[in-house]
Every structure is written in C-alpha cells, then in structure tokens.
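**Student:** Chain by chain, the residues:
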Amino acid sequence: MRGDSQKLFGITLAPMNQRRLQNFKKNRRGYWSLWIFIVLFGLSLLAEIIANDKPIIVFYDDQAYFPIVQALPETHFGGEFKTETDYHDPYVQNLISAKGWMIWPLIQYNYKTVAYKLPTPAPSAPDFDHWLGTDDQARDVVARLLYGMRISILFGLLLTAISAVIGVTAGAIQGYFGGVLDLIAQRFIEIWSGLPTLYILIIVSSVLVPSFWTLLGILMLFSWVGFVGVVRAEFLKVRNYDYIRSAKALGVSDRMIMYRHILPNAIVATLTFLPFTLTAAITGLTSLDFLGLGLPAGSASLGELLAQGKANLQAPWLGLTAFVSLAIMLSLLVFIGEAVRDAFDPRKLFNGDRS
Amino acid sequence: MSVLVDNSTEEEQALLDITSLSVQFHGEEETVDAVAGITYKLMEGQTVALVGESGSGKSVSALSILQLLPYPQAQHPQGSSIKYRGKEIIGADDATMRDIRGNKISIIFQEPMTSLNPLHTIEKQINEVLFVHKGMSKIEARKRTLELLKLVGIKNPAGRLKSYPHELSGGQRQRVMIAMALANEPDLLIADEPTTALDVTIQAQILELLKELQDKLGMSILLITHDLGIVRKMADRVCVMTEGQIVEQGPTEKIFSQPEHAYTQELLAAEPQGKPVEANSEAPEIMACEDIKVHFPVKRGILRRTVSYIKAVDGISLTLQQGHTIGIVGESGSGKTTLGLALLRLISSKGAIRFDGKSIAKTKGSQLRSLRQEMQIVFQDPYGSLSPRLSIGQIIEEGLKVHRLGGNAKEREALIVEALNEVGLNPENRHRYPHEFSGGQRQRIAIARAMVLKPRFLVLDEPTSALDMSVQAQIVDLLRSLQVKHNLTYLFISHDLKVVRTLADNVIVMKDGKAVETGTAKEIFEAPQTAYTQALIKAAFDLEVVNQEAISA
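Those sequence lines, one after another, are chains A and B. Heads up: the first sequence begins at 7 in the numbering used here, then just goes up one per residue. Heads up: the second sequence begins at 2 in the numbering used here, then just goes up one per residue.
Don't read these hints as lab results, they were simulated from the structure. Bear in mind the structure is a predicted one, so any value in this text is a computation, not a measurement. Fair warning: there could be bad hints in the mix.
[Unchecked claim] Subject to a maximum C-alpha distance of 30 Å in a straight line, what follows is the list of computed DSS-like cross-link-like pairs (lysine-lysine):
1) K365/B / K254/A
2) K88/A / K123/A
3) K105/B / K139/B
4) K243/A / K363/B
5) K243/A / K365/B
6) K300/B / K163/B
7) K42/B / K88/B
8) K243/A / K312/B
9) K254/A / K294/B
10) K402/B / K363/B
11) K365/B / K499/B
12) K42/B / K125/B
13) K118/A / K88/A
14) K402/B / K254/A
15) K135/B / K234/B
16) K243/A / K300/B
17) K363/B / K254/A
18) K125/B / K212/B
19) K359/B / K243/A
20) K312/B / K254/A
21) K254/A / K351/B
22) K139/B / K243/A
23) K499/B / K486/B
24) K499/B / K523/B
25) K234/B / K276/B
26) K254/A / K234/B
27) K312/B / K359/B
28) K254/A / K359/B
29) K486/B / K294/B
30) K254/A / K300/B
31) K105/B / K351/B
32) K135/B / K105/B
33) K254/A / K486/B
34) K276/B / K486/B
35) K151/B / K163/B
36) K254/A / K411/B
37) K151/B / K254/A
38) K243/A / K351/B
39) K539/B / K499/B
One chain only, chain B, in its complex shape (with noise of 0.2 Å):
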C-alpha cells in the first residue's frame, strides 16, 4: 500500500478521510467493480449520509472503513486510503484494526434480526464488547450494560438483561445493537440502514434516538441509508452513490435545495406520487366481509390445553366496490397480512365473506379453486414470492394449467408474453430465471403471475415495502395503470403510507387486530381522529414521534 503524504497541517484534521477509494471484487471469470474510486471526509461531531439505490456500493464502502469484506476476494486498488485520524486503515495489521473494530468505531446493522446471536442473553452480548475492549469486570460491565441499555431507551432495563433477542421487538433489539455499538463510547459510528426493516413509528423513534445520543456523546455517524427522508432530518452532509461512484457531495441543504447532478434530481423526483384511481361510487360491491377473526390458539402444558388466544384479526369489516382500492395500515404485527390471507381464504377464519355476492366463507375443494382465479395476491418479498427452480414462463403458466386456462401450449404461451409485455417487462427473457432479475423486475413478474388469470380482486401484501425509492414508484405507476385498464379492485397493504396514499381511496388503520380508524383516504389523511392514526402519519410522513403511548414500543 501507498504512504501519502500527511496533510492534515491543512486544516482541521478529519475524522475519518477516505481518498479515491475502489473496491474490486474477483469473481471466477469477471471482476466486479463495487466502489470506483469514492472520496469524503468526516469530520468530527458531523453526520455524513451515503445516498444510492441498492447496488450502488454504499454498504460496501463502509464496510471497507472497518475491512470487514471477504479478502481476498475484495481487493482495494492502489491508491485507495481510508485514513482514521490520520492512520491508514488499508493495509493495518489485526491488531490495530481490533482496536478500531467496535472501539474507535462501531456499525449496527440494517436487520436486527440476524445481527444479535440468538443463542445469548443481551448482558452477555453486550458484555462480551466490554470485555474485549475495556478488560472490565463482571460487575462494572454489568453496571455499564444496565447504563446503556437506559440510554438507548429500553423500558424497565435490568429486567430485560437476561432476555434473548427473539423475547424482544424489532425496535428493541434495533436499540441493543445502538447500545451495543455504543459500549465503548466510539468516535464514529457507522449506521447502515438502521431503519430500513422498521416499522415508521419505530424507525422515527430510532433516528430521534440517534440524533440525542450524538448531542449527548458527541460522536460522528456515517449514515448510509436510500431514505431521502430519514437523510434531511439527519444528516449534516450527503454523499449521492451511484454505480460505486460518489456523483455529488454538499451540505444537506444545497444538495435538496439545488441538486446538480441529473441522478441526484431522479433521485429527489423519485417518491411514489400521485393520486388514487377515481372510481365509480356507484360500482357494485366486489368483496366484503363481516366481523372477520381469526385466532390463533396458544397451547401450553403436556396436554396441550388451549390457554389463551392470539387475536391476529378481531372483528373487522369492510365493503369495497368494483374499481375501488382499500389501504390496511398499520404497524407489523397489528393483522394486516392475516385480513388479507382470510379474506381470500388462505387461512380459515370466522365471520362472513362476500364475493361478488356469493358467500364464500365455506366454499370448498374445486369450487374454491375455481375462485382462485378471480382473485389474486402480491406478496411484500419478490425474493421470497417466486419459486427459484423455475423459469419467469413455468411461474406464470403455472395458473394458466391449473385453471386450464388458453387451451394449448402456444396459445398459453401468447398469454404470457402478454401478461409480460402488460407488467413492462421483455417477453424475451421469459426463458430466465427469478435470480436474473432485479427487485423490481421480480415484483413485476409476481404481478404478472396474478394479472395472467385476468382476476377482479387483487391483494397487494406490501408489494412495495422491499424496493427502492424509484422503483416504488415505477410499481405504483403500474398497479395504477392496471387498475383503470382492466376496473381491478384492490386490496392495499402497506405499513407505509405515503404509498397508501397515491393508491388508496379508502382507508382502514388497524392495531392489534382491530379496526382502530376507518374512512375515505381524504378523511384519514387530512383529519386523523385517533392519536394511533395521528402518530402514524407523523411518523411516516414527519419521521417525529408523536404520542408515544399510543404505539408499540
């Protein structure tokens, strides 16, 4: 590795100074240019937000500052420094990146879930830091362990030490990686999408976290996020990626203000907009359904007795016409998902559905079957929704054969490259499979999958919750488009409301399974009642928190 010349004489040292920075990573045939010469500072006290779409290298790059990347693999080219206080990092021995890693600086990741060991209590997880670093006893990590956890937030702190991660929610266990990253007081801390698999209530409780630990420890955050939102409330300066290439850099201010760079603009442009289809009010009613429950029994005991209930879904009713779309929102956990398996009895449930008039809450065997094709569902995780063994054709033929629908192979074979060529997606790469394709094209594929059956009701689970900003959009642009071609009804799922909003002309706010807030979009948006519904919107569209009491913690 190259020494450069120490210039921090200039001016005042930077904290972090990271200096045309690559990252390659050797394939077995291609090398793959993940970050392509990035330079920033950092300076101390200050938040820098990384901006870009997913594979743009942010995440890469950071990790590059703690070498945390699979070398040998990942190589960084000549030239490339990150300095640390003036102390290359590149190229330093383990001894001096063990100091670094989780002392000087820390990084919490964007999913709680899988970055806390399961098998370890939270003490333990957050002594082990203390430990390694600090060469602390059990009794003063114990006392620093309880310390952390009341500075990031968590309720009644001594109890929850001996919990493990899966007795905690995705907020909790969001604050334990803070405090963990925290143990150690470190100068920089690196956030990558720390809010991304949150619900908006708790991801605007976390950031408001976050910016009162930084007042209060004054450390810097490197906060990589594809959130413009959550970057203008937090950060001091951005740094827009795209392509592994920093293509503009400045305070937050004039970035928002006056974007130069064309991708920046996109980038601004690029949050779902516009307003729901205007349908028919006339329109008959479509799918409709009574006081819907459905409870999952919770065993204990050798016998397993049938102690208690856990009441997914409580009691809620909705009618929704022809051409209309209904959003269900509402934290995780609170049964949106649940409604939407019920109603098109995928789980069973209690209570009456209607379906274009037929009740259909005990249909059964081939007549249920045959239901199916009418009515369809966009499930949240495009990686998850499409069967990986076979091609994008075989996953849209499939309920072509099932309700013997297009006769024969060819003509099968024109609904599909027209379903294709409906959803915007080639028609050529029919023959590829989901692993080819990106997010996007991948949920477009999961609408395809629906759209071939030429259903009237169609569940949308959170089909834009695992996308990027842009591409949300680009979806909402399209299940729009599809509503008003074929008079679709929707049954909109979201715990995100500004995409509710550009879709839904009806609104149900859901909390632990009930029914907390109903009316038209207009109504709920403009003049929420209930301090839940309040509290929602604040989150989502303010990202402030709002009357805490009223939301999970």
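Isolated chain A (complex conformation) (with noise of 0.2 Å):
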C-alpha cells in the first residue's frame, strides 16, 4: 500500500519514484558524488565572485560600488585615466584607500588576468600568489580552471538536454509508428553514426568560427543519436500494452499517447543514459579545445590548459592541474550515473518480492 507521500523540490513523488530515491542515497558513493558536484558547479557559477580581478566591493566616498557588475572609469576615483580602473595598479589603491576600502575576491585574477609580477617568468610555479600557478601566458591556474569548468559544465549540460530532447523525439517518432518512417529512419542513423566523427568536427570547425554556439551545433549533430536506440525500443515494446490499445479505443490522439502513456516509460532508460552522456560532452569539447579546434583563443578550457600541460612539460603543476581536475569530475559524473542507473534498475527495486 501507499507510503507516506514524500516530497522532493516541493513536488509530491509517486511511491515508485519515492522508492528509487531511496534506492539513490543508498548507494553512498552516488549520492555523495552528487553532493560534490553540485557544491563545484555552485562554486564555477560564482566564478565572478570567487576569481576576479576587480574587487567585489569598492566603498569610496561614502558609497558603494560594485565593480564587477559596473564599469567605473579611473577618474571616478580621482585618477588620471578615462578607462576603465585597473583595480591592480598601487596608485588607483592608494587612491581607494585614503577615501574609503574595497573587498576582494579569494583569488584576485580572472581568468585572462595577466599577472604581470612575477618572480619568476612565466609560467611560474604555485606560491601563495597563485596556488596553483600560471599558465604560459602568466594566467592565474586556479582562476582558469575555475572559469573553465564552468563553461565545460554548462556546455555539457545544454549539449546533453539538447540532443535529448531531439533524440527522444526521433526515437519516440519512429518506435511508435514504426513501419517504413522507422526503417528509413534506423538506416540513416546507421550511416550516420558510422561518420568518423572526429575528422569531421575538424573539418568543420575549421571552416566555421570555432565559438561556444558552434562548436554545440557541431557536437550536437552526432550527439543526439545515442538516445534514440533506448527510447525506440521502449516505444517499440510498450505500444503494443493492453494500456495503449485502451487509450486507443477511448479516441485518445498519438500524440497524447506518445507524450503521456509512453514517454514515461522512456524516461527512465533517457534518465539512466544522461549522466554518461554529459561526460561524453565534456570529454568532447575538452578534445577539441587540447587540438585547438575548440573555443577561441585566450577562452579558459580545460583542453587549453591540458595542451599547455603536454607544451610546458617543465610545469608538471599545468597538466597536473587538468588532469586530476577532469578525473574528478569525470568520475563523480560516472559515480552519479552508476547510482541513477543502479536506482532505476527494477530488479533492485523489486528484490524479495515473489508471490
């Protein structure tokens, strides 16, 4: 019988999903590495406040600025120039602090801050400075990567939504009506997937501007594939449900049965399959930034760093840095994923039940 009604977000779960979130947090290592992430993502979105090479408060004068959010010519507070204040500059200090204070961020760079006193030339090695260095450029490591994750995240993250939403719809579209839409269909995607995608991104970013857009169109073209094959089967098998028939014959249109009958059963393999999509995007986009292919120049990204690493082999902490900062994350991706999987799996669910 019916559990007491639990809530998630606010939103009441039926006792089925109920039961896989618990079957969620009990697997520990998940459900931690869910936690991790979620705190690391926080902290990339922050990145502006976290690593920045302009003060998150300036109070001059008796009133507050906000120089990240607003630009204040270096006149403003008394100095010479009419561009905008280099919050670095001794002299622009000085002058701040005779009229009032600022705050800083924990890291005072950003990610294309170039640190220009050094005390040794670049890149140099981790002090207390820079934790973890600079890159070749005199770049701030820790402000990089900070700045880079973010945006693999949040590339990741709409390249993963994107191409399922036009993979479920493919595979939903074809498994249900099936016949010759799906044969034509499944031998398209049979072509297409035997692309060798890599040379073809290649090609491509090489012919058109590599940005943050692009380079999503590109990745998406292949990427929307793997989803199809989970969703078509399980719209392949349900269909032909005793439950469909009914909806069926009560005059309930495909659509409304596509979106309200099936789809919820589709969900769970697309659930189970997100995760390792999203590392797969990351990984993408982290080869073609370490190819330079990727995004622009001087944009921070893990690959760029990583390719500094294998250019700097005198500065292990460079590819150091990327790579145990791309393991962790990859793994805690993989960790959650295996956890989401292991949740749904209704075998789990379902142990010790016999009649």
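Dock chain one against chain two, each of which comes alone in its own frame, and use the hints as you go.
**Tutor:** Structure follows, in structure tokens:
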C-alpha cells in the first residue's frame, strides 16, 4: 500500500519514484558524488565573485560600488585616465584606500588577467599568490580552472539537454509509428553514426569560426543519436501493451498517447543515459580544445590547459591540474550515473517480492 | 534448525512430511508472513491438492519444499520442518538439495512460455537434466529424451528434438516441461498451476496425461491450483489454504460433500453463476458485421514479397441487438480477440461493419474518434491494461477529456466518483495508482474507464480469465447488473465456457478464424452440433478429452 507521500523540491513523488530516490540515496558513493558535483558546479557558477581582477565591493566617498557589475573609469576615484579602473594598480589602490576601502575576491585574478609581477618567468610555479601557479601567458591557473570548469559543465549540460530532446523525439516517433518511417530513419542513423565524428568536427570547425554556439551545434549533430536506440526500443515495446490499446479505444490521439502513456517509460531509460552523455560531451569539448579546434583563443578551457601542460613539461602543475580536475569531474559524473542506473533498475527495486 | 524426533516408526512413512512450515519475507520495513504454520503429509503415490486464491501462500509453500525461495529475504522460522523420506530439507546442504531437486522432486510451473529457455532446443534442455543427474552419455540421453517425449504424448518426437520453444504451442511446451520434470523418474512432482495458462481443451489433455503418468510411474503429485474442478478430478486429498494457513484438509470427497470451514464453503460456492439477462428480442440492431476478414500478410525473401496470409478472422458475420450479449468462444489463436478489435475499428479489416445502422467500416479521423465514446473495450489482463504511471482518477478521466465530456474539472471529478461507485470501488481511492489494487479491483477500474463514457456497446475480451474464481463471479455479477441498468450490448470473448454461459444469449464458436457453429446459448450448450464444440464443452465442464482430432494439439 501507499507509503507516506514524500516531497522533493515541493513535488509529491509517486511511490515508485520515492523508492528510486531511496535507492539512489542508498548508494553512498553516488549520493555524495552528486553533492560534491553540485557544490563544485555551484562554486564555478560564482566564478566572478571568487576569482576576479576587480574587487567585490569598493566603498569610496561614503558610497558603495560593485565593479564586477559596473564599469567605473579611473577618474571616478580621482585618477588620470578615462579608461576602466585597474584595481591592481598601486596608484589606484592608494587613491581608494585614502577615501574608503575595498573587498577583494578570494583570488584576485580572472581567467584572462595577466599577472605582470611574477617572481619568475611564466609559467611560474605555485606560490601563495597563485595557488596552482600560472600558465605560459602568466594567467592564474586556479582562475582559469574555475572558469574553464564552468564553461565545460554548462556546455555539457546544454548539449545533453538539447540532444536528449532531439534524440527522444526521434526515437519516440520511430518507435511509435514503426514501419517504413522507422526503417528509413534507422538506416539513416546507421550511416550517420558510422561517420568518423572527430574528422568531421575538425573539418567543420576549420570552416566555421569556432565559438561556444558553433561548437555546440557541431557536437550536437552526432550526440543525439545515442538516445534514439533506447527510446525507440521502449516505444516499440510499450506501444503493444493493453493500456495503449485501451487509450486508443478511448480515442486518445497519438500525440497524447506518446506523451502521457509511453514517454514516462522511456524517460527512465533516458535518465539512466544522461550522466554518461554529459561526460561524453565534456570530454568532446575538452578534446577539441586540446587540439586547438575548440573555443576561441583566450577562453578558459580545460582542454587548452591540457595542451599547455603538454607544451610545457617543465611546468608539471599545468598538466597535473588539468588532468586531476578532469579526472575528478568525470569520475563524479560516472559515479552519479551508476547510482542513477541502479536506482532505476527494476531488479534492485523489487528484490524479495515474490508471490 | 531444530532436529525433530523421527516418528516414522508409528505408521507408514510419509513421502513428504511438512510440519508447522512458516515462511517469512523480510522487506525493508516490514516482515510478511507468506505462510504461517502449515502441516500436511503426502503419501507415496498420492495426489494432494493445495487449493486457495492468489496470495494464499500455496506457491510459496511449494517452492520452499525445493528451497527455491529467495533466501535470505525469505526465512523459515524455528519449528518449521519439511521432511522428505524422513530427511530434513530445511537447512540441508547444497549437495543434498541438488540431489533432491529435479532428481527426487521435480516441479512444473504455470507459465510454459517462460519456463523454457528460448535459446536452446528441446533436446538440449531435456538432455541437461539427464547429464546433471544421471551422468548419461550423449547417445543415451538422446534415446531417453525421445522416450520421454513419446511418454508425454508429443507427436513426431524425433522431429521435435531440434525444435525451439517458440515453435511449439502452449500445450506442447507444457508437455515438454513435464517431460523434463519426469526425466529422472522423480518420487514427487510438484505441479504449480500446471494448466492455468492453457486453453480448456489443452487443460483437459494435460490433466489426462498427468493422471496417466502417475498410474504408470507411481509417483506422487502435489498439485497447486485455484480451480476446484481440477482438484475434484485429480486429487486424493485436499488442503484448503487462505492467508498462509491451511483451514481445512481431508479426502477430496469429504471436502466437496461436507465442507466444514466457512472459507471452503465460500470457495465451493464461488463459481460464476446465474443466467444471462432476458433481453428484448425486438430490440433494434446496434452492431452488425458481414463477412469480416482480417488477414495478416506473411512476407518472405529479400523483396519482402507476400507469400501467404495468416487468416486471423476469415469471414465472420454477426448481428447484435441492443441489450443482448453475444459470446465468442474458441481456443487461443482462433481469432476471437482480433474479431473484437476489428469491430471496434482498432485494426483494419475487410467487410461491412454497421454500428447503430450506419456503416463505420470506412469512418476516419474525428468521426471515428467520436464513435469511440459509444463503443468501448475491456481487456483480459488487468495488470497490463492500466497505465502504471497514472492514478486511477487520471486513467478514468482520460476518456472524458478526449471526448470533452463533463465540462470542467469538478464535473469530471463527479463523473469519476459516480463511475467508481458504479463498479463497486471506493471513490476515495481515486488518487491511488494501479499497482495498489488487486486483480479484481483493477478489472473494475478498467470497466469504470469504459463505463464513464456511457457507451452503448462494450467488447469484453476475456475480462475474467486472469482472475480468481470468486472474483470472476463478482465481475460477472457486476457486468450483468451494468447491462440491465444501462441496457448495454456486450460482445463477450472468452475461452471459458462456464463464464460465457452465465452471460451470453447468443454464441459463436470460432476456430481458425471461421465460425464453426452459431446459435443461441441454449442450442450451443445443450445440443452442440459440431465435434469441435462438443470437445470444447466436454473439456470445459467435465475436464475430459473427446474428439481429439477436432481440436488442436
């Protein structure tokens, strides 16, 4: 019988989902991985406040300013230039501390800030100022890591979400209607997924100017295919069930049947797939960046950091940082994925039930 | 485990001696007592039947004899004892159990479809048993397998050796299962609902076979069933089980003639009863079809040319008057369900269909959709016909939304409550999900889903076949009262002639897509003309095999 209804973010969960949530929580490794991932992702979303070359608050002349969101010319603080204030300039710092104070972020550099006062030539080794050293263009590695992680994860999430929508739709239509449509679409997908993805990516990205959005588009051309199989199989199976026939006998339209009756079944298969697609998306972007075909020069990216590590073997902190952070992020996602998969596994769900 | 005193000296030693056997399932939160202290004995050569409704613990108690339960979630509390020839089975080591399983005690399950491995040939599956227990060589095993297949009455056994399970019919599969079970000449055969999934005609054949084999081999049978007809025919002793306990046991004759316990009496009275509704013979025609044909093409070769057709329905005509019920009977595969679906325009067919005087054979799109409100269907499997992810209320509401009935949400809610009341369910439960209901309740929900649209014509596709006997009786009563109340017209599809007799006033007997006999229920049941109908009726009411050549193997 029905257990106590449990709420997740205010949504009342069906008993089946409650049990899945319980199963997910029971997998300690996956559960903790999820929290660690959420915290890391949350931190990277706040990258502007954690790592920036502008102070969070400037209190000057009895008035508070937020340089991160507002651009202030140096003249505003009584300086010489009409350009935006360089808060690292000792001259400006003196001007501000004379009439007020400012609070700096934890890391006083953002991903493109070039640190000019390095004790050694760039890339410099880790010290108290630059916790993980700087790269070969004297930019702070921690800041670049933080921003790079953000862009990777956002890219991955967006790519996964869009390709899931396309893939699920394609799979649903194929599975539900079957027949010639399914036959043609399946052959197309077979040819499509037989194409050497990486070469095509390299060719396309050498024609188009690489940017966040063009890369997203290019990678999406291939990543939606992964969802089609599972969703199509689920639709093929469920469309013959009696409750689908009952719905047809009630006169429910095909669209409603697909959406209301079959899709929830396919969602399970899709959800199980998501974390792994996410890792694939992140790896994809990283490898493009590593090859220099990815995000435009100067953007923070893990792949670019890896490439720098390869180019500067005398500065192991570059390669190690990129490697370790990628390894941790991908492992976390895989652990989460495993836990989700187990949580949705009906055999784990129903063990012990027997008539 | 406690060692009990061996009392075999007192009397003839029982083959199987079960003393206060309990089975507990330990769930995450709660412990379920599936079996609570049952005691019975099984003598050499005897047939004992465990009778009870689903959930009474009969299967669990039988599985514990072979220690096949999912241990350690399942546990036998202190004091439980199962003795096979005086030897304790509970807690026996793996080697002992392996020797007993399949060698001394065999089991056949209900579902022959899933009990055989679809990837292996019949020969391989039977041989395996012989290899494991007898250590036979390949040639010996082949010989023995042939013998066994002959023994269980498979025609052309040598040709069947290389067949895969999907190439056999349900009855043949069950025969193969029996052959496997008998491979090592067991002392005891546990038959767990051996015929429930089979047609009545096949059921009669299998029961006949079991009896024959018992005489020939002198084994004991522990028969688990919910069907009292089978018990009466097969068993020497009966144990009536409910809620994990044996409430009454004794010789079959005594249980049937003088049932003592209230539950036994209830069970005996639980057959679907009553007569069809007396309908107005002048009533207008509501559904009619002429020469309906549904042919599925069989395609072969690279070019997928159509080489032949499977004639699922091959020229059936019928006329149904308002308020009447027509029964469609026949073995599985005879095209009954296909006919029902064709009449509802759920699959395409050839031939004329008239509903309410208008031809609907070519109706399409929104016209067809609005027609759906007036003709509804209730399916056989109450577990498969309700979407598991929607609440009962949502399931019933769906049709209302599609046909824009009952205006706003509140009015729809009132209609849902009314429909649930009508089928005898508590409307308070409308926010619950299908899995929280029993089979009979689910079938009521499926009926409510159809009834909420106030249809005039209802196709009932084996609505009672998946249910316990007493629940069947309730559903039949419900259907009858709904018919009277709303002047409904039924097309009742079933292989169970007992149920058909209680509902239908006209009957069509189908075989291989064709109507072999048509007539009023009285004519068909009292004076069947064709051999096929006679065989069906004999098998259904007396569990006997007649006119074997008229029915399928």
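**Student:** Taking each numbered hint in turn, which are not upheld by the structure, reported in ascending numerical order?
**Tutor:** Of the numbered hints given earlier, those the structure breaks are 11, 12, 15, 19, 22, 26, 29, 31 and 37, listed in rising order.
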